[in-house]
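Model the full structure from these sequences, guided by the hints.
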Amino acid sequence: MPTFELILCIIAAVVLSSFLSRFIPKVSTPLVQIALGVLASQLPFFPDTELDPELFMVLFIAPLLYLEAHEIDKGSLLKSLKLSLSLAVGLAIATMVGVGFTLHAAWPVVPLAAALALGAALGPTDAVAVSSLSHEASLSQRQVGVLKGESLFNDASGIVGFQFAIAAAVTGTFEVGEAIGEVFISFFGGAIVGVVLGLIINWLFETVRSLGWETTTTRVLMELFLPFLLYLGSEAIHVSGILSVVAAGLIIRFDRSGVGPNVARTNIVASSVWSVLSFALNGAVFILLGMLLPDAMEASWNDQQISNLTLLATILIVAAVVVGMRFAWVVAMLRITRHEVTRERRRMTKERWRSAAVMTFGGPKGTITLSLMFTIPYTLADGEWFPMRDELIFIAGGVIVVTLLLANFLLPVVAPKRGTDDSRAITEASIEVLRRTVEELAERVTPDNRRAVMAVIDSYTKRITRLKHRLGAIDPIGFSELQIAALEWEKDYVKGRLAATKAQTGEQSVDRDLEIEACERLLDQIMTSLRHAVTDHDSAHAIWQIKGRMRSLQRRIKILSSRVNNLIRKNTPMLSEHQIYAHMRTVQTAAIDNVIDHLYDEMGKSTYNTEYCSALLLDYRRAEATLKARPNMGATTEMITQIEEIKRESYGIELGVIQDMLEADDITRSQARQLRKNVYVMSVAADSSI
1 MPTFELILCI
11 IAAVVLSSFL
21 SRFIPKVSTP
31 LVQIALGVLA
41 SQLPFFPDTE
51 LDPELFMVLF
61 IAPLLYLEAH
71 EIDKGSLLKS
81 LKLSLSLAVG
91 LAIATMVGVG
101 FTLHAAWPVV
111 PLAAALALGA
121 ALGPTDAVAV
131 SSLSHEASLS
141 QRQVGVLKGE
151 SLFNDASGIV
161 GFQFAIAAAV
171 TGTFEVGEAI
181 GEVFISFFGG
191 AIVGVVLGLI
201 INWLFETVRS
211 LGWETTTTRV
221 LMELFLPFLL
231 YLGSEAIHVS
241 GILSVVAAGL
251 IIRFDRSGVG
261 PNVARTNIVA
271 SSVWSVLSFA
281 LNGAVFILLG
291 MLLPDAMEAS
301 WNDQQISNLT
311 LLATILIVAA
321 VVVGMRFAWV
331 VAMLRITRHE
341 VTRERRRMTK
351 ERWRSAAVMT
361 FGGPKGTITL
371 SLMFTIPYTL
381 ADGEWFPMRD
391 ELIFIAGGVI
401 VVTLLLANFL
411 LPVVAPKRGT
421 DDSRAITEAS
431 IEVLRRTVEE
441 LAERVTPDNR
451 RAVMAVIDSY
461 TKRITRLKHR
471 LGAIDPIGFS
481 ELQIAALEWE
491 KDYVKGRLAA
501 TKAQTGEQSV
511 DRDLEIEACE
521 RLLDQIMTSL
531 RHAVTDHDSA
541 HAIWQIKGRM
551 RSLQRRIKIL
561 SSRVNNLIRK
571 NTPMLSEHQI
581 YAHMRTVQTA
591 AIDNVIDHLY
601 DEMGKSTYNT
611 EYCSALLLDY
621 RRAEATLKAR
631 PNMGATTEMI
641 TQIEEIKRES
651 YGIELGVIQD
661 MLEADDITRS
671 QARQLRKNVY
681 VMSVAADSSI
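Residue numbers for the sequence shown follow the UniProt record's numbering, beginning at 1 and rising by one.
I should point out that these hints are in silico values taken from the structure, not numbers from a laboratory.
Bear in mind that the values here come from a model prediction, so they are computed numbers and not experimental data.
We put the CB at the ideal spot given by N, CA and C, even for glycine.
Heads up, a few of these hints could be off.
[Stated by the list, open to error] The following label-pair restraints were derived from C-beta to C-beta distances:
(1) Asp492 x Arg142: 51 to 57 Å
(2) Leu85 x Ser307: 37 to 43 Å
(3) Asp492 x Ile431: 29 to 35 Å
(4) Phe19 x Gly383: 28 to 34 Å
(5) Ile336 x Lys462: 53 to 59 Å
(6) Pro108 x Lys350: 18 to 24 Å
(7) Lys350 x Glu54: 43 to 49 Å
(8) Glu644 x Ile431: 21 to 27 Å
Spelled out as structure tokens, the structure:
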């Protein structure tokens, strides 16, 4: 039961981190998750956790590396394979030696073999952190390919080097020839096993599919089962399970074989399942890291025999060696590597120095390092306590935090995300969001809702056409500011009309009640759009949103109370939806006319760009023409209600598409915020055009 409770708490923390990341765009999601893990470990009701390194490798790292290898751009990987392998193998060995001898020299109480083990554990980069770096910084396709390729292959070299260093520390002996042989067998044996099993799996799935035996359930379950089978099977024959999983992931291609709707549906389901699973596992890895760090570092920090200043200084020294050696190695590789066309070595230009810095900060350490450090035995072969075990874990944890902080805060400085305000990029992303929304709506057509869905799709088609016509011609930031101002003008007009109607004296009338109801509903729509249109997520904005929702709730309660009162008194019958809709159309038409007048006035001023006013004026003219041309739909109240429901559903689809594009790194965080704001701003305008 405690294990089950721990799993639920970790999942809850992962879900919470996904929300927090939206409000802290400058801090990467892994750091947010680590902080949540640290906080969770201090809560009294949170279950205690102990990391079983072997279970961690098979449960988390194996499926994540399989997915990373399966989805990596094979062309980019092949182009950068030499550089990736040099980092994964050569740099990992150099880091092991450099950290080992430096730590032993700076703090002689640490045995050389133990220091070498720490260096080996600090060799692997964190594949999960690397995969999220491109969300925070502008990395070229080659840089991403090199970093991902390195993270796929360096786990095996780091693990093997760590195991031999620990063996030397425990037994006091180290056979170079035997070690090299075992490394060769483990490294290349794992790769060969992975390739062979990958080819067999390809043949098996293609055969099953050709015989018509494949189902969505069996395909998805088998694909989820594969990484665990590959890892455990390879480890059982004493070759690298990590390399076996990576090699098989690169070879397996069953998701691209076969055609037809059933195959496409199966691929979509498999992709969706992996998307959810990878997000959960990624988050769990960093939540666990945050939970383990305090306990891992507490023993050394509270040890009265060791100065805390010494521990902190050692962390900085080791981190400087790790980062410095990586920078020097990358510079050397860039200097040695020949141009693909001219085959000549190139000088280090400013751009190439920047690329070296990107590759340096783009290699943070993570949970692999900490999980390896936890496998350090407590005793030596002669029964003595393993020297400085707690201190080595403390240093490793400190270096992990330092490298993650460097990746989060320095990488965006060295390689800032470009084009966050680029008009063409935003417009193209908007078109893609609308296109995917239309595709999703088209899949939801049934005989009962066909007319309503087609009406909504038609409105989206018109929006796509307008965006294509103005592609790259209008700054989306400036244009959205004018849209917000137009909504404010609509709000002011409706509020004024509502106040004037309520101020009327005399007997209650149906027309007066209809006018009030129509104005209240339209005002709620406008206020909802305005609340969400603001992009700043500060406390003032949050308070403003809460107050706005409270005012909206108060208005609705007041209207409902008035209706109930009228019904009881039997002075005024309950208002029909058709009558309310007709009055809403009248009020909205008048509000649009008011906005059009404002836009004409603004075109003679310098407050807003004349081109923006002209474009928005055209949109409002179309909306006005649609409203005035629409016949009285007295017999289609049900259709109106159905269209309204589908419109609300379509807005949810748009927001979901934006989130999917953000998680897939198709757009940046700032672009996602702008696109979300566009959805909220357009919700009122789109309502009037359907």
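Verification of the supplied hints:
1. Asp492 x Arg142: 51 to 57 Å: holds, 53 Å
2. Leu85 x Ser307: 37 to 43 Å: Once the Cβ atoms are compared, 41 Å apart, the range 37 to 43 Å for Ser307 and Leu85 holds.
3. Asp492 x Ile431: 29 to 35 Å: holds, 32 Å
4. Phe19 x Gly383: 28 to 34 Å: Since the Cβ atoms of Phe19 and Gly383 sit about 51 Å apart, the hinted range of 28 to 34 Å is violated.
5. Ile336 x Lys462: 53 to 59 Å: holds, 56 Å
6. Pro108 x Lys350: 18 to 24 Å: violated, 42 Å
7. Lys350 x Glu54: 43 to 49 Å: Given about 46 Å between the Cβ atoms, the range holds.
8. Glu644 x Ile431: 21 to 27 Å: holds, 25 Å
This entry does not satisfy hints 4 and 6, going by the numbered hints stated previously.
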